[in-house]
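Construct the entire structure; sequences and hints are all you get.
These are the residues of each chain, in order.
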Amino acid sequence: MAEYLIKNGFVFDPVLGIRGDKADVAIKDGKIVETNAVKSPKVIDATGKTVMAGGVDVHSHVAGPKVNVGRNFRPEDKLFTYKPRNGIERMQGGFSVPTTIRTGYNYARMGYTTVMEAAMPPLYARHTHEEMRDTPILDQGAYPVFGNNWFVLEYLKNNELENTAAYIAWLLRATKGYAVKVVNPGGTEAWAWGLNCENIHDPVPYFDITPAQIVKGLIEANEYLGLPHSMHIHANNLGNPGNYTTTLDTFKLSEGIKPKSKFGRDQVMHHTHVQFHSYGGDSWANVDSRAKEIMDYVNSHDNITIDMGQVTLDETTTMTADGPFEHHLTELNHLKWANADVELETGSGVVPYVYSPDIKVCAIQWCIGLELALLAKDPMRVFMTTDHPNAGPFIRYPRIMKWLMSEESRKQQFDAFKYKDKVIDATNLAGIDRELDLYEIAQMTRAGPAKALGLAHMYGGLAPGLEGDVAVFDFNPNEPYAPDDIEKAFSNAEHLFKSGVQIINNHEIVSNGNKRTLWVNTKVNENPQVMRDVKEKFLRYYTVTLNNYEVSGHYLPNPYVIEVDATQ
Amino acid sequence: MTKTITDVICPFCGTLCDDLEVVVSDDGKQLLEVYNACAIGAEKFLHSQAKDRITRPRMRQEDGSWKEITYDEAIEYTAQMLANAKKPLMYGWSSTNCEAQALGSELGEIVGAVMDNTATVCHGTSLIAVQDIGIPSCTLGEVKNRADRIVFWGCNPAHAHPRHMSRYSIFPRGFFTGKGHKGRKVIVVDPRPTDTANVADVHLQVEQGRDYELLNAFRVAFKGEKLPDVVAGIPKEKIYEAAETLKSGRFAIIFFGMGVTQSLGKNHNIDAAIAVTRDLNEYTKAAIMPMRGHYNVTGSGQVWGWLFGFPFAVDLSRGYARYNPGETTANDLLRRDEVDAVFVLGSDPGAHFPFSSVKKIYDRPSVAIDPHETPTTEVCKVHVPVAFVGVEVGGCAYRMDNVPIETRKVVEPPEGMMTDEEFLSRVLARVKEIKGV
Chain A
5 MAEYLIKNGF
15 VFDPVLGIRG
25 DKADVAIKDG
35 KIVETNAVKS
45 PKVIDATGKT
55 VMAGGVDVHS
65 HVAGPKVNVG
75 RNFRPEDKLF
85 TYKPRNGIER
95 MQGGFSVPTT
105 IRTGYNYARM
115 GYTTVMEAAM
125 PPLYARHTHE
135 EMRDTPILDQ
145 GAYPVFGNNW
155 FVLEYLKNNE
165 LENTAAYIAW
175 LLRATKGYAV
185 KVVNPGGTEA
195 WAWGLNCENI
205 HDPVPYFDIT
215 PAQIVKGLIE
225 ANEYLGLPHS
235 MHIHANNLGN
245 PGNYTTTLDT
255 FKLSEGIKPK
265 SKFGRDQVMH
275 HTHVQFHSYG
285 GDSWANVDSR
295 AKEIMDYVNS
305 HDNITIDMGQ
315 VTLDETTTMT
325 ADGPFEHHLT
335 ELNHLKWANA
345 DVELETGSGV
355 VPYVYSPDIK
365 VCAIQWCIGL
375 ELALLAKDPM
385 RVFMTTDHPN
395 AGPFIRYPRI
405 MKWLMSEESR
415 KQQFDAFKYK
425 DKVIDATNLA
435 GIDRELDLYE
445 IAQMTRAGPA
455 KALGLAHMYG
465 GLAPGLEGDV
475 AVFDFNPNEP
485 YAPDDIEKAF
495 SNAEHLFKSG
505 VQIINNHEIV
515 SNGNKRTLWV
525 NTKVNENPQV
535 MRDVKEKFLR
545 YYTVTLNNYE
555 VSGHYLPNPY
565 VIEVDATQ
Chain B
67 MTKTITDVIC
77 PFCGTLCDDL
87 EVVVSDDGKQ
97 LLEVYNACAI
107 GAEKFLHSQA
117 KDRITRPRMR
127 QEDGSWKEIT
137 YDEAIEYTAQ
147 MLANAKKPLM
157 YGWSSTNCEA
167 QALGSELGEI
177 VGAVMDNTAT
187 VCHGTSLIAV
197 QDIGIPSCTL
207 GEVKNRADRI
217 VFWGCNPAHA
227 HPRHMSRYSI
237 FPRGFFTGKG
247 HKGRKVIVVD
257 PRPTDTANVA
267 DVHLQVEQGR
277 DYELLNAFRV
287 AFKGEKLPDV
297 VAGIPKEKIY
307 EAAETLKSGR
317 FAIIFFGMGV
327 TQSLGKNHNI
337 DAAIAVTRDL
347 NEYTKAAIMP
357 MRGHYNVTGS
367 GQVWGWLFGF
377 PFAVDLSRGY
387 ARYNPGETTA
397 NDLLRRDEVD
407 AVFVLGSDPG
417 AHFPFSSVKK
427 IYDRPSVAID
437 PHETPTTEVC
447 KVHVPVAFVG
457 VEVGGCAYRM
467 DNVPIETRKV
477 VEPPEGMMTD
487 EEFLSRVLAR
497 VKEIKGV
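Which chain is which? The protein sequence lines are A and B, in order. Counting from 5, one number per residue, gives the positions in the first sequence under the numbering used here. Counting from 67, one number per residue, gives the positions in the second sequence under the numbering used here.
Everything labelled a hint here was simulated from the structure, so no lab data went into it.
Listed below are the simulated DMTMM-like cross-link pairs for lysine to aspartate or glutamate, each with C-alpha atoms no more than 25 Å apart in a straight line:
#, chain 1, residue 1, chain 2, residue 2
1, A, 519, B, 172
2, A, 541, A, 158
3, A, 541, B, 87
4, A, 541, A, 554
So this is what it looks like as structure tokens:
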């Protein structure tokens, strides 16, 4: 493999603690190495440029059944967005729900090299893996959803922690999944009858268990197994005025639980797209920001991590396993609605949405997302996401960087709002003058998410031994710049390396890389009861047989298996 | 000695049953028995054993007779045909696996083809309706475990999807449906007295071509508003009664077929049917599902979805993907003389397209890749027989509810026969050579 030496760049790396100092980065055999370990490297002159590790996205909907529903039922999303085949690049299309090929390329152009698919319905795992297989460059993993799964509901109702854990281990293996995802716990099962669970004590119909029991049980099972990532939750009551109390109640379920994982993470709960969960008021007329209350809690509890779910003020496509929420949304905006309930496991919905700067609520949502990041005391625990494509497409990350790094750019956006004064009244953002620096951005987009995923030994930094994932941006942090320069530079990496392969050279994609799929293989003690329950449920209630359920190897042509031993 | 292979997936219809048992000879070369399959499915497996099966490619001669050619020659003909065409049509893709569909898509990109699948004459109208209004749906297991109101509209599963009713919709006992058939009310809407209508509680014998009116009458009836005395040939009392039956259920599902998708109104009928389902969700839980025909037509829509963003009628001829049904659909292109070569894989347009389209295929350089001799192979210049997907080679297929299942190989293909994937990857490599990409 070729050796590379990236010389004289301004390096931002939280892992090594480098805050924009000039330094060299060397790559050999796919990994970062000491600079004296390369003999005749190809030299990349990064003088006057910014150098960072490859970006890591902890939560993005980029592959699988609901993503493809979004593509197929929105031909309008392709309008003016198509790019013909060109050299090594295949055809690319789509804005808020890009084709898999474009997904890979667009992440690469932003300097991202690892992206986690945030919700995989287990019965549709094959579909998710087929799409990830056809997404070039990126290392990816997918989180199977557990929060409305009948096995989980039944085991946790009876406080059977060990059985829950054994089932999780089995399902991760069967679906080649990465982590335990929970979406509207209990609420999506209720939605199978057209109902919902609106707070953490609202019992699930028939199963007679509360969301609180589900969440707490899954955190404990996750720690029992010692999985790389923590339980990853989208709580109940998403998107409703006054829901911040439900969010705080959900946070509190993690109190007193410590991580038991060898993978170096500190959290036991990752709460995703918290912007959607930080609303005060009791109607859309008086909704306001409760980001302060939320961040007070997060700042003072170090066993929690969150991501933003930043609204980008675009027309986009919402999609979530929170089936009742999507129905609620279609009632609100009267746009087309797709729904797919999945037997014994989960559900999902898809609805297009326009976040307009002329609508007060959308502007308030925009403020809340930024407040979460700007009120964060520890950027290693608050990550940049748009919950792609729910609050906006991921290609807006560089624009979010601009907003976070420049008060001036936020002021410009405030001035563009139709209801500027009302928005300022309902939020805290106008009173926040903090401007993040690139080091903090690197924490929120690289080192932080890598650590939370239990992948700090591979990604997120430039220390020797880590994967050779390095991005060079045409941005000089020491020269004066306009806010828009940030967005421009970080949308279009000058060079990108993924596992030591040069993907982008002088802003041009030159390789489709060697994409890998990460999954977690957990060894547990033999559990005859769980295996009997699995057989029974497949025999009686599933419509596929047990022998046709497990995702076989050829769906993952280049797997990377993380082994966990939970037999102790 | 024989071997029994269990959990075999049936590569016939969109029901994609996965509980078949197949008995093969000890050496795995002969398929002897098929259990659990319907008559059509069993025939598909057994047909692979036909002694007179064509096992080598053939080329049509001047005098109309066939001449056997090698796979290499067939690959060369196909690659040259596609590479030299200005705008080839690559049609079919519904009776093959997703792996072949993905390879075919890459090939289509390079040669600037128009890619279309059998939805174009089937549920394409449903796909258009979904783009208008969305689709509240579910997996078939939700129907089995929860549904107590079943509607079959313009479809006849008793004949077209024979095991659908016993596996998923009418008869099975599921988690919340322990009484099976007795706990369900079945409504069939069909102008004909079909075998499916025979097992229904209610048969609404709609006037031919009046589905749109009847669907909208349901929406009126849900709201308790006034209806004319008779709508679409159905007395209003029966409509009110059926509407009340649906509203009073815990979980209603509408299955619909070609009777509504390809009769007067087409996608507008499906718009209305989905609107009926949306309305029902105000009162109870309701879902709707197209009864997809070929076992993997759904998969081809999925593959093109993630690669191009459109489920059928994808025109790649300008170097990027365009989608405009009516313009970029197979029959319209053929009849307007807009394509100059025809490649068919995994479908039989010769049997299902209008004669005016089939004549155009006959007039052009054309290749049919198909295990069987079909009306399509009869009008094409070259016929490439291949192994049966789901019998002689595995691969991914999507059920009518979009659930992907990996089909199995149960028996060896006749010696020296290629699979769809092998043939396509060879053609792809050769086209890349010719085009210098």
